[in-house]
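From first to last, the protein sequence lines are chains B and V. Here the first sequence is numbered in the working numbering, starting from 1 and rising by one per residue. Here the second sequence is numbered in the working numbering, starting from 1 and rising by one per residue.
Wrong hints could be hidden among the right ones.
As the list claims (entries may be wrong) - Not everything, but these chain B residues come out facing chain V in the computed CB check (under 10 Å):
hint	residue
1	GLY60
2	ILE61
3	GLU92
4	PHE128
5	SER133
6	SER146
7	GLY156
8	PHE157
9	ALA165
10	LEU230
11	VAL232
12	VAL247
13	GLY250
14	THR251
15	GLN268
16	PHE270
Stated by the list, open to error - Here are the simulated lysine-lysine pairs, DSBU-like style, with alpha carbons at most 30 Å apart:
hint	chain 1	residue 1	chain 2	residue 2
17	V	LYS182	B	LYS64
18	V	LYS316	V	LYS122
19	V	LYS163	V	LYS182
20	V	LYS266	V	LYS320
21	V	LYS394	B	LYS88
22	B	LYS88	V	LYS186
23	B	LYS76	V	LYS383
24	V	LYS283	V	LYS266
25	V	LYS55	V	LYS163
26	B	LYS64	V	LYS122
27	B	LYS88	B	LYS76
28	V	LYS380	B	LYS88
29	V	LYS122	V	LYS383
30	B	LYS239	V	LYS133
31	V	LYS116	V	LYS380
32	V	LYS55	V	LYS316
33	V	LYS122	B	LYS76
34	V	LYS316	V	LYS336
35	V	LYS133	V	LYS394
36	B	LYS64	V	LYS103
37	V	LYS298	B	LYS64
38	V	LYS211	B	LYS76
39	V	LYS116	B	LYS64
40	V	LYS230	V	LYS380
Since the hints were made in silico from the structure, they are not lab data. Since this is a predicted model, take the numbers as computed values, not measurements. Quick reminder that beta carbons are idealized off the backbone N, C-alpha and C, glycines included.
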Amino acid sequence: MATAGATEAAPTRLRSSMFGARLGEAAWGYGFALVPFAVFGIFFIYPFIYAVYISFFHWGILGKQPGASGTYNYAKVLHDPVFHTALKNIAEYTVAVVPLEMALGLLLALLINGKIRGRNFFRAGFYFPSIASSVAITVIILYFFSPTGPFNTFFGFSTDWFGNASTVGWSIVGLNAWTTSGTVMIFYLAALQSISNDVYEAAALDGASAWRTFWKITFPLLRPAHFFCLVVFGIGALKLFDQSFIVSGGTGGPNYATTTPILYIYQQAFKTFDFGVASAAGVVFLGIILVLTVAQWFTIGRQEAS
Amino acid sequence: MTKRLAVVLGLLVAVVALAATAQAGLRAHKVTNITVAGWSSGPDEDALVQQMVNKFNATHSSVHASWTVINGDYGAAMTARFAARNAPDVFYVDSSVIGSWEKQGVIQPLNSFVKKSHYNTKAFYPKLLGAFKKGSTIYGFPKDWSPLATEVNNNLFGRAGIKSAPRTWAQLRSDAKTMVQKGVSKHPICLSADWARMGAFMYQNGGSLTKNLTSGANAAAVNFYVGLLKSGLAYTPPAGSWCGQELGQGHAAIIFEGNWLLPYMKSTYPNVHFGIRPMVKGKQNGNLAFTVSWSMAKSSSNKPAAWTLLSWLTGKQGEKLWMSKGLALSPRSDVKSIGGRGPFLAAAPFAHGWGFGNPNFASAYTVMGNDLNAVISGSKTTKQMLSDVSNALKGH
Numbered sequence: 001m002a003t004a005g006a007t008e009a010a011p012t013r014l015r016s017s018m019f020g021a022r023l024g025e026a027a028w029g030y031g032f033a034l035v036p037f038a039v040f041g042i043f044f045i046y047p048f049i050y051a052v053y054i055s056f057f058h059w060g061i062l063g064k065q066p067g068a069s070g071t072y073n074y075a076k077v078l079h080d081p082v083f084h085t086a087l088k089n090i091a092e093y094t095v096a097v098v099p100l101e102m103a104l105g106l107l108l109a110l111l112i113n114g115k116i117r118g119r120n121f122f123r124a125g126f127y128f129p130s131i132a133s134s135v136a137i138t139v140i141i142l143y144f145f146s147p148t149g150p151f152n153t154f155f156g157f158s159t160d161w162f163g164n165a166s167t168v169g170w171s172i173v174g175l176n177a178w179t180t181s182g183t184v185m186i187f188y189l190a191a192l193q194s195i196s197n198d199v200y201e202a203a204a205l206d207g208a209s210a211w212r213t214f215w216k217i218t219f220p221l222l223r224p225a226h227f228f229c230l231v232v233f234g235i236g237a238l239k240l241f242d243q244s245f246i247v248s249g250g251t252g253g254p255n256y257a258t259t260t261p262i263l264y265i266y267q268q269a270f271k272t273f274d275f276g277v278a279s280a281a282g283v284v285f286l287g288i289i290l291v292l293t294v295a296q297w298f299t300i301g302r303q304e305a306s
Numbered sequence: 001m002t003k004r005l006a007v008v009l010g011l012l013v014a015v016v017a018l019a020a021t022a023q024a025g026l027r028a029h030k031v032t033n034i035t036v037a038g039w040s041s042g043p044d045e046d047a048l049v050q051q052m053v054n055k056f057n058a059t060h061s062s063v064h065a066s067w068t069v070i071n072g073d074y075g076a077a078m079t080a081r082f083a084a085r086n087a088p089d090v091f092y093v094d095s096s097v098i099g100s101w102e103k104q105g106v107i108q109p110l111n112s113f114v115k116k117s118h119y120n121t122k123a124f125y126p127k128l129l130g131a132f133k134k135g136s137t138i139y140g141f142p143k144d145w146s147p148l149a150t151e152v153n154n155n156l157f158g159r160a161g162i163k164s165a166p167r168t169w170a171q172l173r174s175d176a177k178t179m180v181q182k183g184v185s186k187h188p189i190c191l192s193a194d195w196a197r198m199g200a201f202m203y204q205n206g207g208s209l210t211k212n213l214t215s216g217a218n219a220a221a222v223n224f225y226v227g228l229l230k231s232g233l234a235y236t237p238p239a240g241s242w243c244g245q246e247l248g249q250g251h252a253a254i255i256f257e258g259n260w261l262l263p264y265m266k267s268t269y270p271n272v273h274f275g276i277r278p279m280v281k282g283k284q285n286g287n288l289a290f291t292v293s294w295s296m297a298k299s300s301s302n303k304p305a306a307w308t309l310l311s312w313l314t315g316k317q318g319e320k321l322w323m324s325k326g327l328a329l330s331p332r333s334d335v336k337s338i339g340g341r342g343p344f345l346a347a348a349p350f351a352h353g354w355g356f357g358n359p360n361f362a363s364a365y366t367v368m369g370n371d372l373n374a375v376i377s378g379s380k381t382t383k384q385m386l387s388d389v390s391n392a393l394k395g396h
């Protein structure tokens, strides 16, 4: 009996010690996750909830002020023609810049993925605009594309690319496509290097041309990277602020051509001191980004996941 | 024994007396620390403010001020400090934002301090002090100011055979035409798409930025200003440039800028010869005064000490020191500005403080710039712009 008892007790002890080990492991895991989660909670979740709260009040520099409350701020934002212009501008910008960034990034990745001389030099060179200060780059580009700057002098133009309402949007598209393409290149490069050589060898044996290999093998196998870039750089494009601010001096001009939703939020908060309206605009814009991301997930992302 | 006790007691009394004296001395020399902040247009301004603060500290044993430069977006940085209730005790305020900051309740009214210390406010040019007043309440004292003047490139004027800078609208147009006809310049006048320049023309035409903005006088002034641009006699500076730079590079022959142009030209284009004349006039003289005050935070816990500093900085002694480098013009009639500033100082009696104490001015300024661009490009009419700006100034 005693022997039987001992044999019954052994698995129980084993189970209990395994449970303890798992619990300990889980505790360590949660412990490590707690720190970044706390940071995320303090700097993202709490301000977000607070911004939603503020959006229902008339809120100035020193806090809640008497006056309109409820959904007034939302009505004001939704009926403001400047906010409509900001949405139109950012939609046009995003539709133009994201494919351009992805195409440029993919092209650069393909170039430096091959066995070319000075590959590391080119990698660093292409990536440099992504890590350089956007303010410094914008200021240099403003000079470069000024009516008497090197670009116009070389091509014989006299256009004020960043000072004209009809060209400034496209100029910012070009500027950001160039500066962001280095980061896109890194993601595509990682994805390119994860494609097995076997498929390329098989294609070569079948006599496929480089062009056909790219369109039939490389491009389709990069689909997860396409989706990733589309979501990440799409959201990044929607948050355009620096270049609009620098080019227009914070006004969103000329003629509201560089007004973006984030610049609108900045103006409402730091020029008008109407933090309620700024928060309402932030919540509305978050809703728009959320809807777009969910739509992207249902159209492309789910297929990738499956 | 008695003698020994007396000695001990005597020593004890001496120690207590010494301690009490030391304590009283400490109390008498208690130093109040205050913070002072502003932006800096460059190392010269930074060094000069530091020099002034050092001089103040050396002459005021009970107050110690520390100067901090706020780099970057001054308005946003100060907004964050106001919200956190840790604003500097004394700081710069541009006249264009004083109205909105006052409305937000972050600026300390100074009347009680003025009254208590018998501070002489009459030495300030009334229009400049008026830029920081709401009714009779004073929210800051101007530290300096500048109106606009007409600046011309002497070389281009000489080549066109024009002897003096234009004094009227008619001369401005005819001089520019002469320059175009003689091939001296394609677009002789540089005009920013900015109400901070066009506003002066509105006052020159008998209009106003505070009353009846949609008046015929204002509309005619806008049409004159935009007309110069549309006719090709004038051009707007390209993105990233300004009219001062255009004058220095020889692209513009006539510009309208303030005193800030002088140190810029001296440091950036020392070989360009240019003349300064009072601002052109239309039906009457009209100008804008760009001015900055020293103001006090409402949340300051050291208000008497802050007032001691503020009144010294804007007083006769402080202003004399501030004017010594010629970085700006004196807002006080009893302190002389550096020589050669006559064309600017002539505007003191009639220049209107930019911002006009309007609490909605900072946000309305965004509408002004964007709408003026739209009028220049032809996508909006003058009437629409004046109506938009009028509504924005009313906070609609």
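The hints, checked one at a time:
The closest approach between the C-beta of GLY60/B and any C-beta of chain V is roughly 5 Å, which is under the 10 Å cut-off, so the hint is satisfied. With 10 Å as the threshold, the beta carbon of ILE61/B comes within range of chain V, its nearest partner Cβ sitting at about 4 Å, so the hint holds. Contact between GLU92/B and chain V, as hinted, is not supported at the beta carbon level, the nearest pair being about 17 Å apart and thus beyond 10 Å. Annotation: interface hint on PHE128/B violated; nearest CB of chain V at approximately 22 Å, more than 10 Å.
A least Cβ separation of about 13 Å between SER133/B and chain V goes past the 10 Å threshold, and the interface hint is therefore violated. Here the hint on SER146/B is kept, as its CB sits about 5 Å from the closest CB of chain V, short of 10 Å. A distance limit of 10 Å between C-beta atoms decides the matter here; for GLY156/B the minimum to chain V is near 16 Å, and the interface restraint is violated. A least Cβ separation of about 12 Å between PHE157/B and chain V goes past the 10 Å threshold, and the interface hint is therefore violated.
Among the interface hints, the one on ALA165/B holds; its C-beta lies about 6 Å from the nearest C-beta in chain V, closer than the 10 Å criterion. Interface restraint check for LEU230/B: the shortest CB-CB distance to chain V comes to about 31 Å, outside 10 Å, so the restraint is violated. Contact between VAL232/B and chain V, as hinted, is not supported at the beta carbon level, the nearest pair being about 27 Å apart and thus beyond 10 Å. Because the closest C-beta pair between VAL247/B and chain V is about 6 Å apart, less than 10 Å, the hint holds.
Interface hint status for GLY250/B: upheld, as the beta-carbon distance to the closest one in chain V is roughly 8 Å, under 10 Å. A distance limit of 10 Å between C-beta atoms decides the matter here; for THR251/B the minimum to chain V is near 5 Å, and the interface restraint holds. Interface restraint check for GLN268/B: the shortest CB-CB distance to chain V comes to about 8 Å, inside 10 Å, so the restraint holds. Restraint check, PHE270/B versus chain V: the minimum CB separation of about 5 Å is within 10 Å; hint holds.
About 63 Å separates the Cα atoms of LYS182/V and LYS64/B, which puts this hinted pair outside 30 Å; it is violated. The hinted pair formed by LYS316/V and LYS122/V meets the criterion: a straight-line CA distance of about 12 Å does not exceed 30 Å. Of the supplied pair hints, the one linking LYS163/V and LYS182/V holds, its CA atoms being roughly 15 Å apart against a limit of 30 Å. For the proposed pair LYS266/V and LYS320/V, the alpha carbon gap of about 22 Å is at most 30 Å, so the pair holds.
Straight-line distance between C-alpha atoms of LYS394/V and LYS88/B comes to about 27 Å, which keeps the hinted pair within the 30 Å bound. A threshold of 30 Å between alpha carbons decides the hint, and for LYS88/B with LYS186/V the separation of about 37 Å lies outside it, so the pair is violated. Pair hint LYS76/B plus LYS383/V holds up; C-alpha atoms about 24 Å apart against a cutoff of 30 Å. This hinted pair does not check out: LYS283/V and LYS266/V have alpha carbons roughly 34 Å apart, beyond 30 Å.
Our distance criterion of 30 Å between C-alpha atoms is broken by LYS55/V and LYS163/V, whose separation comes to about 46 Å. Proximity of LYS64/B to LYS122/V is assessed by CA-CA distance (about 38 Å); at most 30 Å being required, the pair is judged violated. Restraint check for LYS88/B and LYS76/B: the C-alpha separation of about 17 Å stays at or below 30 Å, so the hint holds. Straight-line distance between C-alpha atoms of LYS380/V and LYS88/B comes to about 19 Å, which keeps the hinted pair within the 30 Å bound.
In summary, the hint linking LYS122/V to LYS383/V is not supported, as the alpha carbons are separated by about 40 Å, beyond the 30 Å threshold. At roughly 39 Å between alpha-carbon atoms, LYS239/B and LYS133/V are farther apart than 30 Å, so this suggested pair is violated. Only pairs whose Cα atoms come within 30 Å are accepted, and LYS116/V paired with LYS380/V is rejected, the gap being roughly 53 Å. Annotation: proposed proximity of LYS55/V to LYS316/V holds, straight-line Cα distance about 14 Å (limit 30 Å).
A C-alpha spacing of about 44 Å is found between LYS122/V and LYS76/B, which places the hinted pair above 30 Å, so the restraint is violated. Restraint check for LYS316/V and LYS336/V: the C-alpha separation of about 10 Å stays at or below 30 Å, so the hint holds. With a C-alpha separation of about 18 Å, the suggested pair LYS133/V and LYS394/V falls inside the 30 Å cut-off, and the hint holds. A distance of roughly 14 Å separates the Cα atoms of LYS64/B and LYS103/V; the hinted pair therefore holds under the 30 Å criterion.
As the CA atoms of LYS298/V and LYS64/B are separated by approximately 17 Å, the hinted pair is consistent with the 30 Å bound. Only pairs whose Cα atoms come within 30 Å are accepted, and LYS211/V paired with LYS76/B is accepted, the gap being roughly 27 Å. Taking the CA atoms of LYS116/V and LYS64/B, the gap is about 34 Å. The hint is violated against a cut of 30 Å. As the CA atoms of LYS230/V and LYS380/V are separated by approximately 14 Å, the hinted pair is consistent with the 30 Å bound.
The structure fails to meet hints 3, 4, 5, 7, 8, 10, 11, 17, 22, 24, 25, 26, 29, 30, 31, 33, 39 from the earlier list, while all remaining hints are met.
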